[in-house]
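Number of protein chains: 2
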Amino acid sequence: MENKGKLWIVSTPIGNLEDITFRAVKILQSVNLILAEDTRRTKGLLTHLGITEKKLISLNEHNQEKRIARVLEGLENGEAVALVSDAGMPVISDPGYSW
Amino acid sequence: MENKGKLWIVSTPIGNLEDITFRAVKILQSVNLILAEDTRRTKGLLTHLGITEKKLISLNEHNQEKRIARVLEGLENGEAVALVSDAGMPVISDPGYSW
Chain A
90 MENKGKLWIV STPIGNLEDI TFRAVKILQS VNLILAEDTR RTKGLLTHLG
140 ITEKKLISLN EHNQEKRIAR VLEGLENGEA VALVSDAGMP VISDPGYSW
Chain B
90 MENKGKLWIV STPIGNLEDI TFRAVKILQS VNLILAEDTR RTKGLLTHLG
140 ITEKKLISLN EHNQEKRIAR VLEGLENGEA VALVSDAGMP VISDPGYSW
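From first to last, the protein sequence lines are chains A and B.
When we follow my numbering, the leftmost residue of the first sequence carries the number 90, and every step to the right adds one.
When we follow my numbering, the leftmost residue of the second sequence carries the number 90, and every step to the right adds one.
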C-alpha cells in the first residue's frame with residue numbers, strides 16, 4: 090500500500106501566464122506524468138515554466154476509458170500524476186470539461 | 090490624468106503558503122502601499138515572501154471611512170495600492186470580509 094501514487098488536480102492560468110501558483114509549478118515539475126486536455130497547449134505552458142522532457146499525454150472524452158485504465162495502473166505502481174486542463178481548474182471550475 | 094494610481098485586489102493563500110501566484114508576489118513587491126485586513130497576519134505572509142519594508146496599513150470596518158479617503162488621495166497622486174485580506178480573495182470569495 091505504501092507505494093501508492095498520487096493524482097494532483099492542478100489549476101492553470103486562464104489568461105496571464107503569471108497567474109499560476111508556486112505549488113502548481115512545483116507539482117508539475119515533480120510528477121512522472123501529466124494528463125492534459127490538449128497536449129500542445131499544455132506543452133506551451135510547460136515550456137514557459139521551464140519544465141521540459143515531461144511525459145505528457147492527452148485525456149479527453151474520446152480516449153478517457155483507455156487512458157484512465159493506464160493512469161490507475163500507474164497510480165497503483167506509485168506514479169505521481171497531474172491532471173490539467175487548457176485553463177482553469179480541471180473538473181471544478183473549468184468550462185472546457187464535461188466531467 | 091496619466092498619473093492616476095492603481096488599486097490591485099490580490100488573492101492570498103488560504104492554507105498552504107505556496108498557493109500564491111507569481112503575479113500576486115510581483116504586485117505585492119511593486120506597490121507603494123498594502124491595505125491589509127490584519128497587518129500582523131499580512132506581515133507574516135510578506136516576510137515569508139521576502140518582501141520587507143513595505144508600507145502596510147489596516148483596512149477594516151472600524152477605520153474604513155478614514156482609510157478610504159487616504160487611499161483615494163494616494164490613487165489620485167499615482168500610488169499603486171494592493172488590497173489583501175487574511176486569506177483568499179478580498180471582497181469576492183473571502184469569508185472574512187463583510188463588504
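Accuracy of the hints is not assured; some may be wrong.
Note: identical chains are not told apart, hence a pair may lie in one copy or across any two.
As the list claims (entries may be wrong) - Straight-line distance between alpha carbons at most 20 angstroms, and here's what the computed EDC-like set of lysine to aspartate or glutamate pairs gives:
no., residue 1, residue 2
1, LYS115, GLU165
2, LYS93, GLU107
3, LYS95, GLU107
4, LYS95, ASP108
5, LYS115, GLU150
The hints are simulated quantities; they were obtained by calculation from the structure and are not laboratory data.
How the hints compare with the structure:
1. Proximity of LYS115 and GLU165 under a CA criterion of 20 angstroms is satisfied in neither setting, with 22 angstroms inside one chain copy and 40 angstroms between copies.
2. Proximity of LYS93 and GLU107 under a CA criterion of 20 angstroms is satisfied in neither setting, with 32 angstroms inside one chain copy and 24 angstroms between copies.
3. When the C-alpha separation of LYS95 and GLU107 is checked against a cutoff of 20 angstroms, the pair qualifies only between copies, where the shortest distance is 19 angstroms, while the shortest distance within a copy is 25 angstroms.
4. For the identical chains of this complex, LYS95 and ASP108 are inter-copy neighbours only, at 18 angstroms across copies versus 24 angstroms inside a copy, given an alpha-carbon limit of 20 angstroms.
5. Taking CA atoms no more than 20 angstroms apart as the test, LYS115 paired with GLU150 passes in neither setting, with 28 angstroms inside one copy and 37 angstroms between copies.
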